[in-house]
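If you count by my numbering, then the sequence shown holds residues 5 to 496, one letter each, in order.
None of these hints come from the bench; they were simulated from the model.
Accuracy of the hints is not assured; some may be wrong.
Unchecked claim - Only pairs whose alpha carbons sit at most 20 Å apart, straight line, appear in this in silico PhoX-like list of lysine-lysine: (1) K125 to K163; (2) K258 to K60; (3) K272 to K286; (4) K272 to K60; (5) K60 to K278; (6) K220 to K125; (7) K125 to K261; (8) K220 to K300; (9) K220 to K60; (10) K286 to K261; (11) K103 to K123; (12) K306 to K125; (13) K125 to K258; (14) K272 to K123; (15) K300 to K371; (16) K60 to K286; (17) K125 to K300; (18) K258 to K306.
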Amino acid sequence: MNKKAEHLTKRLAAGLIAASILITSFIAVSADVDQPEIPVPALDDVHCASYCVYDKTADEVILNKESDKRIYPASQTKIMTCMLALDYLDTDSYLVVSKNAMDNITSDSSVMGIRVGEKLKVSELLYGLMLPSGNDAANVLAEGVIDAILKDYPAGGGKTGPDGVDASHFSSFITYDNTSETTAEGETGETGETTKNVTNIRKLGAFAELMNLRAKNIGCTGTHFVNASGLHSDEHYTTSSDLTKIMAKASENKDFKTLISSPSHVFKATNLHKDDAWSYVKSTDYLLFDPWMAAKTANGEKSHLVCIIGGKTGTTSKAGKGVTLYTVNENGHEVMVSMCGVPGEYYFYTTMYLASITAYGNLECWKKEPVTRVLGTTGDYRTVNAPADEQPQYDSFRYPGDELVNYIEEEEEPQETAPTATPTPVPEKKEEKTEHPLILFVKQNKVISGVAAGLVLAILLCNIILLVRVISLKNQGKRRKKVRKSPDSYVR
Numbered sequence: 005m006n007k008k009a010e011h012l013t014k015r016l017a018a019g020l021i022a023a024s025i026l027i028t029s030f031i032a033v034s035a036d037v038d039q040p041e042i043p044v045p046a047l048d049d050v051h052c053a054s055y056c057v058y059d060k061t062a063d064e065v066i067l068n069k070e071s072d073k074r075i076y077p078a079s080q081t082k083i084m085t086c087m088l089a090l091d092y093l094d095t096d097s098y099l100v101v102s103k104n105a106m107d108n109i110t111s112d113s114s115v116m117g118i119r120v121g122e123k124l125k126v127s128e129l130l131y132g133l134m135l136p137s138g139n140d141a142a143n144v145l146a147e148g149v150i151d152a153i154l155k156d157y158p159a160g161g162g163k164t165g166p167d168g169v170d171a172s173h174f175s176s177f178i179t180y181d182n183t184s185e186t187t188a189e190g191e192t193g194e195t196g197e198t199t200k201n202v203t204n205i206r207k208l209g210a211f212a213e214l215m216n217l218r219a220k221n222i223g224c225t226g227t228h229f230v231n232a233s234g235l236h237s238d239e240h241y242t243t244s245s246d247l248t249k250i251m252a253k254a255s256e257n258k259d260f261k262t263l264i265s266s267p268s269h270v271f272k273a274t275n276l277h278k279d280d281a282w283s284y285v286k287s288t289d290y291l292l293f294d295p296w297m298a299a300k301t302a303n304g305e306k307s308h309l310v311c312i313i314g315g316k317t318g319t320t321s322k323a324g325k326g327v328t329l330y331t332v333n334e335n336g337h338e339v340m341v342s343m344c345g346v347p348g349e350y351y352f353y354t355t356m357y358l359a360s361i362t363a364y365g366n367l368e369c370w371k372k373e374p375v376t377r378v379l380g381t382t383g384d385y386r387t388v389n390a391p392a393d394e395q396p397q398y399d400s401f402r403y404p405g406d407e408l409v410n411y412i413e414e415e416e417e418p419q420e421t422a423p424t425a426t427p428t429p430v431p432e433k434k435e436e437k438t439e440h441p442l443i444l445f446v447k448q449n450k451v452i453s454g455v456a457a458g459l460v461l462a463i464l465l466c467n468i469i470l471l472v473r474v475i476s477l478k479n480q481g482k483r484r485k486k487v488r489k490s491p492d493s494y495v496r
């Protein structure tokens with residue numbers, strides 16, 4: 005029995021020692037597993053052809069590098085395409101994918117994944133345009149916009165669209181037959197209106213003409229578009245300065261901000277994709293997921309950036325990589341950031357370069373007006389793409405100037421209580437009761453507390469082992485005494 009007891013005691017002690025090692029190791033490892041800070045490069049170390057930071061609120065460029073240099077925008081073109089689609093189309097309406105739209109994309113195009121004859125909601129096409137950067141979606145939307153202009157703003161109809169023109173502006177892209185129709189009195193509210201029958205129209209070319217008209221209307225001076233998607237052409241170009249103007253104008257539409265701030269989207273079933281969730285797409289704007297990267301400059305100075313609402317990327321072998329962002333400063337200013345022409349050997353650093361330009365640009369914005377109007381950090385203003393009833397309980401900040409509904413500050417209101425006529429010290433003491441200093445120390449110093457706990461446990465185990473050893477020695481002494489007495493007991 006003594007040997008068994010001793011064996012069990014030794015096994016117990018060994019188990020306790022192993023447990024203590026595991027516990028202390030776990031405490032040490034799990035004490036700090038959050039994201040380490042990663043400093044952005046200095047502006048001189050950013051390799052790109054051009055960048056521009058435009059303060060929309062103050063209407064001034066606050067930071068730039070060759071911002072008027074001609075560059076190829078690639079899929080940053082889709083910012084303009086999206087803006088025009090939102091202005092001319094009903095997001096709840098449907099469009100059918102044409103053969104012409106699909107024939108005008110290349111085999112290496114980024115696509116949403118739609119097919120000829122597929123019927124899709126405009127809102128779904130917009131997500132297919134902005135998140136996976138679908139060239140197929142761009143062409144379908146472009147054709148839809150021109151169809152809408154022909155229907156809503158016909159030549160000679162007396163009505164003009166958001167850009168101040170009707171279908172006659174695109175006459176060089178339209179072929180009419182020799183017949184015409186004259187409206188009868190009372191049909192349209194005017195008499196004698198003459199409309200021509202359209203037999204053919206180069207819709208994608210007409211849409212490019214509309215893009216150039218819009219660019220001119222918003223003050224772009226170095227931009228010329230030839231397609232809706234950004235496929236390379238030597239005649240398809242812009243500047244980083246113009247891209248910030250295009251982003252600034254597009255961001256006036258709340259649906260646009262919803263699109264660029266969405267980290268992902270799941271597509272509903274269509275007539276050709278029979279099942280819901282036939283495609284799941286994510287934003288290619290990586291800084292949207294990690295806005296903290298632009299919270300400080302290379303030397304650790306706070307940038308006063310509070311929110312990256314979203315943006316659009318663009319990449320081709322000729323254009324390099326580029327991104328245009330919509331951000332918000334702590335002083336409430338809306339700041340547009342565009343970076344273009346990151347060469348192929350530096351593609352991997354695109355997000356770091358963008359974070360650097362964003363940080364330094366927002367710092368310049370803050371220096372011009374150092375007044376806090378937006379509280380919190382970049383982590384407070386993350387958004388989610390979910391149905392309305394599954395949005396966060398406390399509204400996330402997306403639209404500068406909007407009132408924050410049910411935001412964090414309102415949680416403090418229930419704590420306010422009316423003063424009582426007579427003091428009630430006991431309840432007050434209970435409310436003001438704080439945690440024991442030792443508990444606070446443990447919470448605030450996890451690593452030190454873990455090491456201390458390990459030492460205490462080790463001392464305890466040493467005492468147990470010592471006790472076991474003492475007991476073992478006593479048992480050995482008793483057995484020796486029994487051995488000495490045994491021969492005498494048999495002597496007669």
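*asked:* Checking one constraint from the list: CA of K306 to CA of K125, max 20 Å. Satisfied?
replied: Not satisfied, since the Cα-Cα distance of roughly 43 Å exceeds 20 Å.
*Quick one, are K258 and K306 close enough, alpha carbons at most 20 Å?*
violated (29 Å)
_Distance restraint between K272 and K60, which requires alpha-carbon spacing of 20 Å or less_ = violated (36 Å)
*Taken at face value, is the distance from the CA of K371 to the CA of K300 at most 20 Å?*
With Cα atoms ~14 Å apart, K300 and K371 stay inside 20 Å; holds.
*Starting from K125, check that the Cα of K300 is at most 20 Å away, please.*
violated (41 Å)
*Hinted pair K220 and K125, Cα distance within 20 Å*: violated (30 Å)
*Distance restraint between K60 and K278, which requires alpha-carbon spacing of 20 Å or less*: violated (44 Å)
*asked:* Checking one constraint from the list: CA of K220 to CA of K60, max 20 Å. Satisfied?
replied: Holds: K220 and K60 sit about 18 Å apart, inside 20 Å.
*Has the given pair, K125 with K258, been kept, meaning a C-alpha gap of at most 20 Å?*
holds (18 Å)
*asked:* Check whether the Cα positions of K220 and K300 lie no farther apart than 20 Å.
replied: Not satisfied, since the Cα-Cα distance of roughly 36 Å exceeds 20 Å.
*Below or equal to 20 Å on CA atoms is what counts here, so check K60 against K286.*
Judged against 20 Å, a Cα distance of about 28 Å means the pair is violated.
*Can the restraint linking K103 and K123 be considered satisfied, given a maximum Cα separation of 20 Å?*
Since the Cα atoms of K103 and K123 sit roughly 13 Å apart, the hinted pair holds (cutoff 20 Å).
The structure does not agree with the numbered hints 1, 4, 5, 6, 8, 12, 16, 17, 18 stated previously, though it agrees with the rest.
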